[in-house]
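4 protein chains.
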Amino acid sequence: MLYFNCDYMEGAHPAVLQRLLETNLEQSFGYGEDSYCDRAKEKIRQACGCPQAEVFFLMGGTQTNAAVIKGYLRPFEGVIAAESGHINVHEAGAVEACGHKVLTLPQRDGKLQAEELSLYLEAFFRDPSSAHMVQPGMVYLSHPTEYGTLYRKEELTRIREVCRSYRLPLFLDGARLGYGLAADRADLTLQDIASLCDAFYIGGTKVGALFGEAVVFPKGGPKGFFTLMKQQGAVLAKGRLLGLQFDVLFTDGLYLEISRHAVAMARRLKEILRQNGCPLWIDSPTNQQFVILDRAMRDRLEGKVSYEVWQERPDGGAIARFATSWATREEDLAALARLLKE
Amino acid sequence: MLYFNCDYMEGAHPAVLQRLLETNLEQSFGYGEDSYCDRAKEKIRQACGCPQAEVFFLMGGTQTNAAVIKGYLRPFEGVIAAESGHINVHEAGAVEACGHKVLTLPQRDGKLQAEELSLYLEAFFRDPSSAHMVQPGMVYLSHPTEYGTLYRKEELTRIREVCRSYRLPLFLDGARLGYGLAADRADLTLQDIASLCDAFYIGGTKVGALFGEAVVFPKGGPKGFFTLMKQQGAVLAKGRLLGLQFDVLFTDGLYLEISRHAVAMARRLKEILRQNGCPLWIDSPTNQQFVILDRAMRDRLEGKVSYEVWQERPDGGAIARFATSWATREEDLAALARLLKE
Amino acid sequence: MLYFNCDYMEGAHPAVLQRLLETNLEQSFGYGEDSYCDRAKEKIRQACGCPQAEVFFLMGGTQTNAAVIKGYLRPFEGVIAAESGHINVHEAGAVEACGHKVLTLPQRDGKLQAEELSLYLEAFFRDPSSAHMVQPGMVYLSHPTEYGTLYRKEELTRIREVCRSYRLPLFLDGARLGYGLAADRADLTLQDIASLCDAFYIGGTKVGALFGEAVVFPKGGPKGFFTLMKQQGAVLAKGRLLGLQFDVLFTDGLYLEISRHAVAMARRLKEILRQNGCPLWIDSPTNQQFVILDRAMRDRLEGKVSYEVWQERPDGGAIARFATSWATREEDLAALARLLKE
Amino acid sequence: MLYFNCDYMEGAHPAVLQRLLETNLEQSFGYGEDSYCDRAKEKIRQACGCPQAEVFFLMGGTQTNAAVIKGYLRPFEGVIAAESGHINVHEAGAVEACGHKVLTLPQRDGKLQAEELSLYLEAFFRDPSSAHMVQPGMVYLSHPTEYGTLYRKEELTRIREVCRSYRLPLFLDGARLGYGLAADRADLTLQDIASLCDAFYIGGTKVGALFGEAVVFPKGGPKGFFTLMKQQGAVLAKGRLLGLQFDVLFTDGLYLEISRHAVAMARRLKEILRQNGCPLWIDSPTNQQFVILDRAMRDRLEGKVSYEVWQERPDGGAIARFATSWATREEDLAALARLLKE
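Residue numbers (numbering that gives the first Met the number 0), protein chains in the order written: chain A, 0 to 341; chain B, 0 to 341; chain C, 0 to 341; chain D, 0 to 341.
Be careful, since some hints might not be right.
[To be verified] In silico EDC-like links for lysine to aspartate or glutamate, alpha-carbon gap of 20 Å or less:
(1) A:K340 / A:E301
(2) D:K340 / D:D298
(3) B:K222 / D:D126
(4) B:K152 / B:E114
(5) D:K222 / B:D126
(6) A:K152 / A:D191
(7) C:K152 / C:E115
(8) B:K269 / B:D108
(9) C:K218 / C:E41
(10) C:K222 / A:D126
(11) A:K42 / A:D251
(12) B:K303 / C:E25
(13) A:K303 / D:E25
(14) D:K303 / A:E25
(15) C:K340 / C:E329
(16) A:K340 / A:D293
(17) D:K340 / D:E270
(18) B:K269 / B:D331
(19) A:K222 / C:D126
(20) C:K42 / C:D251
(21) B:K303 / B:E270
(22) C:K303 / B:E25
(23) C:K42 / C:E53
(24) D:K152 / D:D183
No wet-lab data here; the hints were simulated from the structure. All values derive from a computational prediction rather than experimental measurement.
Make a model of the complete structure from these sequences and hints.
What follows is the structure, encoded as structure tokens:
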């Protein structure tokens with residue numbers, strides 16, 4: 000069976016695991032107060048071009064999103080997101096559990112539009128009953144989006160400007176950030192993101208780590224963020240494990256290198272699927288590919304190729320998501336190509 | 000100036016106030032443990048045809064909605080509502096502050112549709128990732144709706160059936176319930192509502208009381224509801240004040256009588272507005288009337304007639320809400336008619 | 000039966016009720032945007048000597064405490080209170096429901112001590128693991144306390160100094176504030192309180208109103224406090240009712256006048272009880288009196304005099320609380336004296 | 000430098016890491032739906048003698064405590080704990096962040112007493128104002144406690160009986176459970192615990208794993224616990240990592256074996272410290288040892304031996320905690336002994 004279901008089916012990049020093995024019996028203090036974390040933070044600051052950034056390590060995406068959002072908002076404020084945003088759909092109400100509403104705007108290819116954001120905010124503050132409503136308190140977006148798409152630099156810059164006018168912090172969910180940075184048509188660099196956002200995170204779980212996300216606050220984070228993380232159950236006792244993984248990933252450009260591999264594999268995957276009559280549902284430049292499979296194709300793949308059904312279609316077909324990752328092998332794609340040619 | 004902005008511009012029905020005056024120096028125990036509350040509960044149970052119902056008195060709608068919803072839901076559950084539902088729009092995130100997501104469905108004339116509810120629930124539980132999503136835990140609807148419209152008995156019955164299949168409690172927000180019961184085309188009685196819903200409230204604030212809402216749980220309420228009310232700050236120290244008001248309102252049919260007056264006034268209001276060239280935006284059988292005012296009409300009313308702008312229109316006109324209440328006087332409508340004829 | 004159970008057994012002071020009656024059919028906008036509220040706020044600002052103060056009206060004590068505390072704290076912060084503080088004991092966890100821990104210190108006659116507060120804070124911030132603990136974020140005290148006692152000006156000033164060193168807002172729960180201001184030995188005036196506290200409330204429910212508390216933020220309140228109140232279900236639709244009551248109470252010194260009456264009644268009550276062999280449990284200068292009743296005395300009072308059992312004693316006696324109020328009549332005390340002489 | 004600060008200074012037991020290495024590139028589905036988790040759950044069920052138990056894997060102690068407590072309580076309920084309980088002290092208010100009060104009872108050697116628990120509950124439900132107070136909803140205890148002490152089987156059985164009378168779930172925090180099971184004087188087995196508690200967790204982070212805690216609900220857990228975990232950010236994407244670690248630890252008795260080693264090391268440590276004039280502060284049979292160090296001893300250890308200062312003493316001495324773990328080596332203790340003899 001060939002698996003393309005998601006980008007977290009394997010463990011960690013071998014270099015990460017090797018380092019874990021070598022240092023396993025070293026002793027260090029807990030909760031992130033160790034030299035591995037210090038080193039990893041320093042490398043991330045350099046990669047972001049932000050010597051003053053505050054960096055924190057958490058274990059997974061849902062807890063990272065909840066902690067950052069809780070860190071910024073006052074109780075009566077909500078977070079603006081595209082209706083397809085991960086926090087609005089697949090995090091079991093983690094934001095609401097912190098007391099905050101997710102204020103949704105329509106998505107366009109999974110993205111927020113600066114223009115719509117601006118119109119919404121303008122209308123909100125003009126509404127005489129706005130004091131009776133959840134106040135917009137920050138903006139969340141994901142890059143790559145849940146549909147694998149990317150913001151152009153110009154798009155993010157315009158969103159940034161709207162945020163600035165309304166004094167709303169801008170938070171970028173980078174669960175798959177590597178695959179966004181490494182995409183062909185990408186024009187947003189890590190430095191761009193650090194200069195345009197108030198907070199973002201560099202996903203490790205889906206990009207080479209066993210687990211772990213690195214939150215970056217380029218201009219400093221919300222007061223008391225460590226204690227808030229602790230309260231959320233998001234502080235790892237053996238914090239060193241997080242520091243070590245990001246230290247390896249940010250040494251000699253490994254994070255980008257493995258991301259580029261995943262994107263190259265995704266490009267190949269896309270070609271194979273198109274050549275075999277599966278139209279794209281959306282044109283994604285990153286490691287997630289969305290194609291339309293008809294009934295016959297689903298039957299052919301049954302029991303041989305595993306993917307995620309994104310949406311069932313009335314005719315028995317489906318929109319399917321295929322994901323590659325740092326761990327996808329050329330031979331897997333070759334096998335897929337062969338299988339489809341038969 | 001003639002005011003038609005809302006249905007809570009005056010104090011209480013004179014009979015209510017008179018009773019407050021007469022009993023002012025009586026001594027009673029606090030928090031609802033008094034004979035006025037006992038009597039009012041008994042009368043409400045009778046009016047609902049539910050001798051076993053549990054009844055609680057709270058001070059206002061937002062706190063009532065939040066307490067009932069918090070009372071029913073487990074932390075990972077959300078409440079289904081029409082996107083126009085009051086809890087989703089004008090309660091400043093009170094439900095989310097309790098940790099719960101409002102799961103919205105499209106509204107049709109302000110109403111939920113049984114069919115759409117059913118399709119949503121079916122799709123939700125078929126989705127293999129549903130365990131990662133907020134679980135639907137109850138259904139909220141308002142009657143009359145925020146648009147003044149009413150559920151037919153058949154509509155509510157079908158929603159009830161969907162709720163039953165999925166074991167979801169059904170909660171009806173009756174902030175303006177009197178005006179719904181008294182409407183011309185209404186075919187839902189208080190007894191019907193009590194037999195179809197797991198919880199509902201009988202609005203006092205907008206229907207003759209100074210303030211107060213009576214929550215009815217026909218088959219008994221969630222465990223510990225009094226303590227939950229206390230935690231929400233929704234227990235009035237001088238609970239007698241709430242009991243007394245509902246006692247008066249539910250004596251000799253006063254609640255329905257004053258509601259009928261408001262509806263009659265609304266009917267007259269609607270005629271006046273239509274006869275003077277203001278088309279209806281929605282056809283409401285209750286005390287709230289929504290009409291389209293063009294620019295010229297708005298100018299004519301300026302400084303003479305006060306109403307609520309529901310939605311601005313690009314051409315300078317507006318959708319306007321006019322509300323009558325138990326306190327609306329015939330001479331106010333006569334004055335409006337004169338003014339529009341000039 | 001003579002009732003001394005609490006200070007909220009009757010309705011409102013007749014002047015308040017009279018004014019409600021006179022204005023009942025006046026129309027006004029909702030949610031506190033009316034001239035009664037404006038006027039009451041202005042009078043309260045004057046009485047406090049704070050022309051810049053922000054004033055808000057809420058319905059009851061629990062919701063007021065929760066809203067103010069939620070307004071000030073960040074999610075990982077708690078509120079320091081005496082272990083006997085109302086928020087720690089009798090509010091059903093309203094503060095915790097907002098996500099915040101109540102950090103308790105021992106009480107001395109119901110009061111916090113500046114010295115203990117200082118030692119606690121010093122130790123907290125010296126503790127190397129303090130980042131793993133709930134951060135002290137504000138200080139709550141009640142005046143009069145739950146035991147009827149009062150802070151001396153010098154005590155409150157010293158607490159204020161500790162708060163200032165640690166930048167902790169100081170919040171005074173004045174549910175019975177009038178009875179504190181009117182006490183014989185009181186040396187804290189309303190102006191003192193306004194100059195020493197960041198937030199406090201002037202209790203109406205127990206001091207002449209039907210219901211209502213006036214929160215005062217002498218130097219301005221937390222951002223978005225109105226929306227936070229709305230979210231907490233603490234905004235009254237007919238906000239005018241709150242403004243009107245405080246307008247009456249703060250006209251011609253009525254609030255203090257009726258408070259002085261209650262305190263005089265309490266003084267007389269205390270004498271009667273002591274002269275009849277009931278030792279004081281605590282020496283309270285305000286409207287709540289705590290005495291020790293032995294078994295025999297409890298039997299004598301049974302069915303004739305009602306009071307609150309504060310604490311059962313193993314010998315069948317009890318610590319009992321007797322409360323007077325603005326509504327206590329001289330003849331009630333005369334009746335009590337007669338009854339005890341028999 | 001010799002480090003005895005805590006039991007999570009190293010990585011994982013080599014067998015755990017070896018298995019991670021071997022399986023690193025295997026593909027598996029996320030979120031715990033993999034064969035490693037299945038296998039580990041089965042082994043844990045067998046070790047507990049509970050074939051019907053539900054088992055869940057989480058990442059750390061704070062999030063586990065919060066999730067289990069949130070899973071059991073209704074909003075107006077609190078959790079009873081010793082005042083020294085971890086949830087009350089060092090979890091930054093994680094329980095309160097879920098809306099629940101921690102209801103504290105005095106600790107005796109870090110333990111709750113059945114008798115005190117019973118008296119508290121009896122008094123609570125006899126109090127006529129109990130409906131205004133946080134309702135006791137479950138009981139939390141830690142075993143070993145924060146002081147390294149253990150419950151005797153008879154003690155836990157009596158607590159269980161009190162819980163049963165009041166229908167309160169009993170939850171045991173086993174962050175260091177292995178060290179409790181392996182202690183000399185222990186008479187509580189894993190099967191005992193499973194038969195006496197409604198929920199408990201088997202700590203991995205401090206007992207041989209990189210991270211991870213296994214929650215066991217012997218009679219089945221609260222409804223929807225997986226979604227609640229997800230909401231709390233407590234579901235690991237690569238859930239396999241947790242299953243795999245517990246699979247290794249529960250194969251061939253490894254968990255108990257390495258725990259016994261730690262306890263043997265602690266016994267040796269205790270002897271060394273006592274023989275060198277450091278009196279015990281508390282007599283712990285597990286891996287944490289608490290001794291009193293005088294000023295001179297602290298000076299001697301300075302820069303050579305690292306431990307945790309539990310409490311500073313006015314004379315410059317301190318109560319110190321020394322912890323051993325599965326990773327403590329005999330030569331470390333030999334080095335300590337030599338150093339103290341010099």
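Checked against the structure, which of the hints given earlier come out wrong? No hint contradicted; all consistent.
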